[in-house]
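Here the first sequence is numbered in the numbering used here, starting from 135 and rising by one per residue.
Hints listed in this document are in silico derivations from the structure and should not be mistaken for laboratory results. As the structure is a prediction and not an experimental result, all values here were calculated from the model. All residues carry an ideal CB built from backbone N, CA and C; glycine is no exception. Each hint should be verified, as a subset may be incorrect.
[Claimed, not checked] In the EDC-like style, the derived pairs of lysine to aspartate or glutamate whose C-alpha atoms are separated by at most 20 Å in a straight line are: (1) Lys443 to Asp320; (2) Lys443 to Asp433; (3) Lys192 to Asp219; (4) Lys450 to Asp320; (5) Lys282 to Glu448; (6) Lys350 to Glu383; (7) Lys154 to Asp219; (8) Lys501 to Asp429; (9) Lys221 to Asp186; (10) Lys505 to Glu324; (11) Lys501 to Glu383; (12) Lys154 to Glu228; (13) Lys443 to Glu400; (14) Lys283 to Glu485; (15) Lys153 to Asp257; (16) Lys306 to Asp557; (17) Lys154 to Asp320.
[Stated by the list, open to error] Pair ranges (Cβ atoms, derived): (18) Ala175 to Tyr355: 26 to 36 Å; (19) Thr323 to Asn188: 33 to 43 Å; (20) Asn188 to Asn436: 31 to 41 Å; (21) Asp508 to Val293: 55 to 65 Å; (22) His356 to Glu233: 20 to 30 Å; (23) Ala175 to Lys153: 48 to 58 Å; (24) Gly195 to Gly224: 14 to 24 Å.
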Amino acid sequence: MLQLQAIRDTKEEIIEAMKKRNFDATSLIDNILLLDEKRRATQTRLDATLADANRLSKEIGGLFKSGKAVEANAMKAQTGTLKVDAKRLGEELEVAAQELQQLLFQLPNVPNNLVRAGTTEADNEEVFREGDIPILSATAVPHWDLAKKYDLIDFELGVKITGAGFPVYKGKGARLQRALISYFLDRNTEAGYTEMQVPHLVNEASGFGTGQLPDKEGQMYHVGEDDLYLIPTAEVPVTNLLRDVILNEGDFPICYTAYTPCFRREAGSYGAHVRGLNRLHQFDKVEIVRVEHPDTSYDALNGMVEHVKNILRELKLPFRILRLCGGDLGFTSALTYDFEVFSTAQDRWLEISSVSNFETFQANRLKLRYKDQDGRNQLAHTLNGSSLALPRVLAGILENYQTEAGILIPEVLVPYCGFDKID
RNA sequence: AGAGAGGUGGCCGAGUGGUCGAAGGCGCACGCCUGGAAAGUGUGUAUACACCAAAAGUGUAUCGAGGGUUCGAAUCCCUUCCUCUCUGCCA
C-alpha cells in the first residue's frame, strides 16, 4: 500500500510511473485524494466536537465535586447535541476511511526507475545469462518421463490421496528433495540469513500484511472453520514476524531464511506448460527475506541476486536473469528479478526464483518501521526472494543431468543425497 | 473440549466511574557528580491521526479487540480473541 503523503506529494510522478504497468492511475488517485480530503475535514470536525464534549464533561465533574448538582445537571443537557454530532461524524469518518482504504488497496506499487514499460513477459529484459546448455542424447526426455522411469515422483498417487498438483516423491526422489532443502538452507545461513521455522497457516491479518489479501484472495487455500489461510509462500509468515514492530537503525539488516511447503490454488491456470513439476498446488521452497534501511535496500536486492546466482553456479545449471517489465511486475513489487533455468529436454526456460524489493509497500501495511536519527518513525523496506523453489530446480536437474547411464547428481548435492547417480 | 484466573506503556506493576496517557519501579537516552567507572542524582522516555508553511504547540483516539451504559469508562455491562492454572484428549 502506498503512503498517502507520497501520493499527495508526488502524484504526477506516480501516475507517470504506473503507466509502465499499463495502469492508468489518474482517476483512482484523484478519487483517493478527494476522499482523503473528506476524511481529514471530517476528522477535524469530529475532533473539535469531541474536544467540546470533553471540556463540558470536565466542568460537570468539577461542579459535582463542589456540590453544585443543580448546575451540573443543567449542563448535561448541552452535551446532547454534541453526542449526536460526534456519533454522526464518527460514522462518516469511518465510512470515508474505509472507502479510502479500499481505493488504496487497488493501487499497485510504483515501479522502480529501472523497470521498463511492457505488457507481457515477452517484454522482460534479460540482464544476465550464464552456464552451458548441455547437449543431450537423442533419447533425452522431460522430467515427468524421467520421474516415472526411475520411480522418483508419483503424480497419480498424489491424485488418489489429494488431487492433481499434489505429487508424491518417492525413494531417491524424496531424498533429493530433502537434500536440496538442506543445501539451500545451508547456503543461505552461510550467507548470513537466520534460519526460521514458521507456521504454515496464517491468519487474515498476516495475509493483509504482505499483500496477498485482499488482492489474491482466491489464490490461497482458506480453512473456513478456523479462518486461516495455507501459506502460498514463506514470505507471508516470515515477513509478518516483523508486523507492528519499530526497529532501531542498528537492527538492520534483518535477514531470515525459511523452508516451507507452499500451497497455491492456481485458479485459472491451465494449458500445455503445467505438466509434471511445472505448476503444482503444493510445492517446497526455501525463501530469503530481508528488512532493510531505505538507503541500502537496493544494494541488498543486488546482494540477493548475487547470492542466488552463486547457488545456481554451484549446481551448474544454465540460467538467466530477467528484469521484469511493468506489465509482468507483481502488484506489491517495485523491482523484481526472475531467475530461469533452461530445461533442455523441454526446450524452455523455467522460473525458479523471483527476487523483489517492495520498498515501503508491504511495510506500510505491516506497520514495520524504524526510528531514524531524529527519533521519527519511518517505514522500512522489505525484500524477498526464492533461494530456491524446489520443483523446477528438480526438473532442471533431472532433465539437464540425464545421461544414457542414469541421472547424475550435481557434485555439491552428493554429500546431502548420499548417492551420486539415479539409475 | 470443560472449570477457574487474567490481559494496563520496552519490561514489571498500581489503579474499580471524574483534571488518568495512566502512580511507582526497572530498562533506555542525555546531563551532573567522578581521575575513570560503579553508586548517587536531575531531566526526559508510546503510537496514530488532525490543525499549523514548518518547528514549537494544540486537539482527538488508543489500558487485548469490538460494541454498550453514562455528562464522563483502564475502572460497570455484553460479545470476541488471547494467555495462565486444573481436568479431559492427544503427536
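So, going through the hints one by one against the coordinates:
For the suggested pair Lys443 and Asp320, the alpha carbons sit about 15 Å apart, so the restraint of at most 20 Å is met. A hinted pair counts as satisfied when its Cα atoms are at most 20 Å apart, and Lys443 with Asp433 qualifies at roughly 15 Å. Between Lys192 and Asp219 the alpha-carbon distance is near 19 Å, which keeps this suggested pair within the 20 Å criterion. For the suggested pair Lys450 and Asp320, the alpha carbons sit about 17 Å apart, so the restraint of at most 20 Å is met.
This hinted pair does not check out: Lys282 and Glu448 have alpha carbons roughly 27 Å apart, beyond 20 Å. For the hint pairing Lys350 with Glu383, the CA-to-CA distance comes to about 33 Å; that exceeds 20 Å, so the pair is violated. Between Lys154 and Asp219 the alpha-carbon distance is near 46 Å, which puts this suggested pair outside the 20 Å criterion. About 18 Å separates the Cα atoms of Lys501 and Asp429, which keeps this hinted pair within 20 Å; it holds.
Annotation: proposed proximity of Lys221 to Asp186 holds, straight-line Cα distance about 14 Å (limit 20 Å). As the CA atoms of Lys505 and Glu324 are separated by approximately 29 Å, the hinted pair breaks the 20 Å bound. Pair hint Lys501 plus Glu383 holds up; C-alpha atoms about 16 Å apart against a cutoff of 20 Å. Between Lys154 and Glu228, the direct Cα distance comes to roughly 34 Å. Violation of the 20 Å bound is thereby established for this hinted pair.
Among the hinted pairs, Lys443 with Glu400 is inconsistent with the structure: their alpha-carbon atoms are about 28 Å apart, more than 20 Å. This hinted pair does not check out: Lys283 and Glu485 have alpha carbons roughly 25 Å apart, beyond 20 Å. For the proposed pair Lys153 and Asp257, the alpha carbon gap of about 14 Å is at most 20 Å, so the pair holds. For the given pair, Lys306 sits about 10 Å from Asp557 by alpha-carbon distance, which is consistent with the 20 Å threshold.
The straight-line distance between the Cα atoms of Lys154 and Asp320 is roughly 38 Å, outside the 20 Å bound, and the hint therefore fails. Between Ala175 and Tyr355 the C-beta distance comes to about 43 Å, which lies outside the given range of 26 to 36 Å. Checked against the hint of 33 to 43 Å, the C-beta distance between Thr323 and Asn188 comes to roughly 55 Å, which is inconsistent with it. At roughly 53 Å, the beta-carbon separation of Asn188 and Asn436 lies outside the given 31 to 41 Å, and the hint is violated.
Between Asp508 and Val293 the Cβ separation comes to about 59 Å, which falls inside the hinted range of 55 to 65 Å. Taking the beta carbon of each, His356 and Glu233 are about 25 Å apart, inside 20 to 30 Å as hinted. One distance hint, 48 to 58 Å for the beta-carbon pair Ala175 and Lys153, is violated here, with the actual separation near 31 Å. About 23 Å separates the C-beta atoms of Gly195 and Gly224, a value consistent with the hinted range of 14 to 24 Å.
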